[in-house]
Amino acid sequence: MFSFCTDPDTLGTFRWFSCYLTTGVHMSFYIAFFKVLLLLAITAPVALGFGFVGAMAARSRVAPFRWLGKTYIALVRGVPDIAFFLFFVIALDQAFEYLRHKALCPDWDQPIRQGSDFVVCTAAKLPLSTAPQWMHETYGFFLAVITFAIVFGAFAANVLFGGMRAVPHAQLETAEAYGMSHRQTFWRILVPQMWVYALPGLSNLWMVLIKATPLLFLLGIEDIVYWARELGGTKTSRFTDYPHGDWRMWYFLFLLVFYLAFTRVSEIVLERLMLRLTLGQATSGGEAQRKAAA
Amino acid sequence: MKTLILGAAALALSAGLAIAQDKTIRMGTEGAYPPYNFINDAGEVDGFERELGDELCKRAELTCEWVKNDWDSIIPNLVSGNYDTIMAGMSITAERDEVIDFTQNYYPPTDSAYVAAADGVDVSSAIVAAQTATIQAGYIAESGATLVEFATPEETVAAVRNGEADAVFADRDYLVPLVEESNGELMFVGDPVPLGGGVGMGLRESDGELRDKFDAVISDMKADGTLNTMLKKWFGEDTTTY
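Line by line, the protein sequences are chains A and B. Just so you know, we're using UniProt numbering here: the first sequence kicks off at 1 and counts up by one. Just so you know, we're using UniProt numbering here: the second sequence kicks off at 1 and counts up by one.
In isolation and in its complexed conformation, chain A is listed as follows (with noise of 0.2 Å):
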C-alpha cells in the first residue's frame, strides 16, 4: 500500500503495522464488515416482509392459508438454525439447478443423481461456471438472504401475529360499526396500531439477527469471522512478509467492540422508534406521553 512496505522487516513498529493492516487480505476483510451490513440492510426488511405474510396468512379466515401459515411458524421455528442453514442452501441450489436442467436440457437422458453426485448439464449450472468469481459469491449471498428471512420471518410472523392480536378487540368493533369492510378495518385500524405491540418482540429478533450473521461462515460466504479466523492465525516468515503468532484472540476482540458498538446503536435507535410509535396510542405509554404533554 505505501511505498515504504517493500522490506517489512526493517521497519519500526507503527510503520509495520501500517503496512500490515493494509495488505490485500486485510481489505478483505474490510470488506466483509461491509458484506455484514449489506446482508443485514437487505434482510431485515424481506424478513419482515416474510413475517406480515405469514401472520396474515395465520389469521386469515379461508382455513387453508390458515393452515399454510401455522405450518411454516411452527415448522421454522422448531427447526434448530444450524440444520436449517447446512441443509437448506444446498437443498435451495439443487432445486434451483434442478429445473433450469429441466427447462434447458429437455434432451439430457443420464440421470440426475449418480450416486452421491448432482450432475446437471452445464448449461442449467448455477450461477454457469463460466461465470466470473464474483457473480458465485453474489448467488450465494442471495442464497443466504433468501435462508435467513425464511428463518427469521417465521418468528417475525409470531410477533406480528401476537401485535395483531393485542390490539383492543373494541376498535375493531368500532370501525365495523362506522360501516368498515374487513379490510378497511385492517389496513386502517389494525395495522397502524398494531406496531406499537410488536416493536418490543421486533426489536429482539433484530439484535437475534445482528448476532447470527457469522452464520454466514457455514454458507460459504467468507465474513468477519472467517477472516479474523484466518488473519489471526500463526503465520510463519516463509509463507507472508508479515509473520507473526496466534493473534486470533485480538482479532476476535475486535469483532467484539464490532459486535457490541453495533447491537448499542441499534438499541438506541429502536428506542427512539418506540417513542415515536406510541404516540397518540391508546397504551399506558401513550397515555405517559399524552399527560407529560399537558
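These are computed hints drawn from the structure, not numbers from a lab. One or more hints might be untrue.
Simulated pairs of lysine-lysine, DSS-like, Cα-Cα distance not exceeding 30 Å [stated by the list, open to error]:
1) Lys222/B / Lys125/A
2) Lys68/B / Lys23/B
3) Lys23/B / Lys35/A
4) Lys125/A / Lys233/B
5) Lys233/B / Lys68/B
6) Lys232/B / Lys125/A
7) Lys58/B / Lys35/A
8) Lys68/B / Lys232/B
9) Lys213/B / Lys232/B
10) Lys102/A / Lys23/B
11) Lys211/A / Lys68/B
12) Lys125/A / Lys102/A
13) Lys222/B / Lys68/B
14) Lys232/B / Lys58/B
15) Lys232/B / Lys222/B
16) Lys58/B / Lys23/B
17) Lys23/B / Lys125/A
18) Lys222/B / Lys58/B
19) Lys213/B / Lys233/B
20) Lys23/B / Lys213/B
21) Lys222/B / Lys233/B
22) Lys35/A / Lys291/A
23) Lys213/B / Lys68/B
24) Lys233/B / Lys58/B
Some chain A residues near chain B, calculated using beta-carbon distances under 8 Å [stated by the list, open to error]:
25) Ser28
26) Gly115
27) Thr122
28) Gln133
29) Pro243
Beta carbons are placed, not taken as given, at the ideal position from N, Cα and C, and that holds for glycine.
Position chain B against the provided structure of chain A, taking the given hints into account.
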C-alpha cells in the same frame, strides 16, 4: 423461410455447443494448510497446489479458477457441483474413494508427525489434537491416544500451545515451518508415521473424462521432472520425489 429458421436454429445450437465446450474448471481448496495451500498477503490462493494446479490446467488447456471452501464441507460441495476438483492436500484413502474419485498422487505418500510443547510426551497415551475428517484423526482414534478434533489446522497447533492437548498430529510438511519458528517452544516427538496413499486431486465419480485429462498431465509432469522441481521448491531439498 422454413430453411432459414432451421438454419438459424442449427447455428444457435452449434453456438450453444461451442459455449458448452469451453467450460471453466473450478478448483476447490481450503486455503489454510501451508505449504500446500494458503492465502497470501494479497488475499489470493497460493502454495504448492496453486502453482501445480495452474501448470496442470495450462498443459491440459483448461481455464481454471480457484475457489476456497471450508474443509468440513469440501467433499459435499464437490459432489453437489459447486466446483469441479479438490486440491487441498487431501490424501487418497479408501473411504474417500468410495464417495469421490482421485487422480494418481501428485505428492508421494507422506509422513505424519507428532509435535508437542515438551519433550518426553508418550504419544501412545497422550491427548492428541488433529483436524476433523483427516487421515491423522482416524489414525489417532485407533492408536489408543485420546483424540481431540478441531475444524482447522491452526486450531490443532493452538491447542498444544495453550495446553489443551499434549501433542498435535499432522502432515510433517505442515509442522516443519511452525516448529522452526517457534523459538524452541514446539518440538517433534515420537517417530514419524507414514500414512495414506499420497495426495491426489479429487473429482466427482461421474467426471471420468476430466480425471483422465488431469491424470495424463500429472504423468507428463512426473516424466519430465517439473513436478520434482516444484516439490523441492515448496517442501525443501530433502523431500521425497518421484
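**Restraint check for Lys68/B with Lys232/B, where alpha carbons must lie at most 30 Å apart** = holds (25 Å)
**Prompt:** Is it true that the CA of Lys222/B sits at most 30 Å from the CA of Lys125/A?
**Reply:** violated (34 Å)
**Request:** For the pair supplied as a hint, Lys222/B and Lys233/B, confirm whether the alpha-carbon distance does not exceed 30 Å.
**Result:** holds (15 Å)
**Request:** Compare the distance between the alpha carbons of Lys58/B and Lys23/B with 30 Å, and conclude whether the hinted pair is satisfied.
**Result:** holds (14 Å)
**Request:** For the hint on Thr122/A, just tell me whether its beta-carbon gets within less than 8 Å of chain B.
**Result:** Since chain B brings a Cβ to about 5 Å from Thr122/A, closer than 8 Å, the hint holds.
**Prompt:** Is it true that the CA of Lys68/B sits at most 30 Å from the CA of Lys23/B?
**Reply:** The hint holds at about 19 Å.
**Request:** Decide if the proposed pair is consistent with the structure: Lys213/B and Lys232/B, CA atoms, cutoff 30 Å inclusive.
**Result:** holds (25 Å)
**Prompt:** Given the proposed pairing of Lys232/B with Lys222/B, does the C-alpha separation stay at or below 30 Å?
**Reply:** holds (13 Å)
**Message:** Interface hint check: Gly115/A, Cβ to nearest Cβ on chain B, cutoff 8 Å. Holds or violated?
**Reply:** Gly115/A check passes; min Cβ-Cβ to chain B is 6 Å, inside 8 Å.
**Request:** Sort out whether Lys233/B lies within 30 Å of Lys213/B, counting only the CA atoms.
**Result:** The given pair, whose Cα atoms are some 25 Å apart, holds under the 30 Å limit.
**Agreement of Lys125/A and Lys233/B with the hint, judged by alpha carbon distance not exceeding 30 Å** = The hint is violated at about 37 Å.
**Prompt:** Would the pair Lys211/A and Lys68/B pass a check requiring their Cα atoms to be no farther apart than 30 Å?
**Reply:** Holds, at roughly 24 Å.
Against the hints set out earlier in the document, violations occur for numbers 1, 4, 6, 7 and 22.
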